[in-house]
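Engineer: So the chains spell out like this:
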Amino acid sequence: MPRAMWRGAIQFGLVTVPVKLYLATEARGGLSFNLLHKPDMQRINMKVHCPIHGEIPRSETVRGYEYAKGQYVLIEEADFDAVPLKTVRAIEIEQFVEASRDSATTFVKQAYYLEPDPVARKAFYLLKEVLADEGLSAICKIVLKDREALAALNPFSNTMLLSTLYWPDEIRSTAELDLPDEDFKFKPSEKAMAKQLVAAMRGEFDPANYEDEYRKALEAVIEAKVDGQPVVAHKAAEKPTKIADLMSVLEASVAAARVAKAGRGAAAPKPAAKKAAAKPAAAKPAAKAKATTAKQKAAAESRPKAKRKAA
Amino acid sequence: MTQGKSAAAEQLPLSIETAARRALPDRLRPMMPVHLDAPFDDLDWFFEPWWPGTSALAWVTDFKARFQIEHLADPSAAFPELAEMGADFAHDQLIVEGTLLVLDDEGRPDGELLRRRLAEPGNAVGTPAFVASDLLYDLGSSLMTLPFEERRARLGGVLTDTERTVVSRGLRGEGSTLAEAVASMGLTEISARLLAARYRPGVRDDNWLRMPVVEAPIAPTRPLLALLQRLPL
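These protein sequence lines are chains A and B, in that order.
Counting along the first sequence from 1, when you hit position 92 you're at 92 in our numbering, and nothing is skipped either side.
Counting along the second sequence from 1, when you hit position 151 you're at 151 in our numbering, and nothing is skipped either side.
Heads up, a few of these hints could be off.
Stated by the list, open to error - Which residues of chain B face chain A? A few of them, derived with a C-beta cut under 10 Å, are:
(1) V167
(2) R169
(3) T177
(4) A179
FYI, nobody ran anything at the bench for these hints, they're computed from the structure.
All values reported here derive from a predicted model rather than from experimental measurement.
Idealized CB from N, CA, C, for every residue including glycine.
Sequences and hints are given; from them, build the entire structure.
Structural biologist: Structure below.
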């Protein structure tokens, strides 16, 4: 079950359709790497650094907007509070437009699937059907991650797709390019030949036929390296500086405890109980997982007492 | 942004969420754990460190946080750095259960620094942090009748780790492994929660257990001792 990004409601006129949003795509373009300090293979920290004072705590940082070269105006939380926003928790439909390929709706930032609340399914699919029949897109506004975004709502497969769009001032004009003004005249024979070529290469688009070959090759290189030499173990850093580091230390300690345990094997004091815990999937019968709440509660009540006696 | 949000909320009379929003209680009596003598292994349970801080409930409203600790006290003034913690959550109108910690210069949780902060709210020693363990209200609706497993999954869905706020790490089933790991960090206790259990406010509930990392009556506090305990003798 994917995780909903956002919950709210589509609003148009007096109709409210509660929906959830799910990311429709995930970025898998590149493989990501961690920067390590070569001598000890530790993940490096990104410190906040001031050219005058050296390292500084993040709490001493403020947000400035550079309105002229080297001139900043300080923007504080209160200033953000002063920005009025209307479309919170709602997808407000502003208007319906013809779905065309030559419009600003071409420039999509991120696509989200919509999942209607069960009580509002009928209204949701009615809206979808009308959009499909009329060949329309709904232009709407939505607040995502504290920012108001412009978006287009379109029928898609068995749901609808909300595509957040670039604001008009974010879309560059084609006037900046070196494009000819005149209309070209083509001979009928030239056009016929080009059409013939296009017809020969025509087919149904099946994305499964395409894959990221660079990524695949890089993965192969990494796999070969991992096979060929011991993996660099991530050791716990000596001095964590923040809560996230403390969690990393815990994760590393758990990994170390697991290794230590596996190494001890049958010499462990309570081998049966510990082995069962080490292999969750295999050790527990499926029936146990489906136990009723009452049964689990009974187990919960008996176990601590038993343990108390044992210890 | 806060004003904008609440104003907009008023404009959604038909939304289901709006009605539920008003249901967030001002105070909530926390559930309390039952003490146990030693760690155990059981797949029905989720184990996490008992962080050396103070158990707390955090209210997130209009993406600002306030806290409630024992005796329903509000220590928010002692943790001004955490007021903005509300912005770390993807949803608003939440009550989150967790632990308030104060970290020393080396990033270790320090009970003494925490006590000094609580005693003198103006005394901003160390770096405060909040480790979230459970989600009791989401978008103004109570989740307390849901199983812990479901609440924890939802918590992961609304909180992304930041420098001050994290989702608690833990292990399902492997209490003894977690106890060893926690002991090697110089910490002394772990917590276990029954995955199928609902949250029962104000109750000392044996679906939530708190236990020392080793079976000895007095838990060692030194990492060296903890290491000795790990030897297969």
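Engineer: Would the hint on V167/B be counted as holding, given a Cβ-Cβ threshold of 10 Å to chain A?
Structural biologist: holds, 8 Å
Engineer: Does the interface hint hold: is T177/B within less than 10 Å of chain A, judged Cβ to Cβ?
Structural biologist: holds, 5 Å
Engineer: Under 10 Å is the threshold here; is the Cβ of A179/B close enough to any Cβ of chain A for the hint to stand?
Structural biologist: With a minimum Cβ separation of about 8 Å from chain A (threshold 10 Å), the hint on A179/B holds.
Engineer: Let me know if the C-beta of R169/B comes in closer than 10 Å to any C-beta of chain A, holds or violated.
Structural biologist: Hint holds; R169/B Cβ to chain A Cβ min 5 Å, cut 10 Å.
Against the hints set out earlier in the document, no violation occurs for any number.
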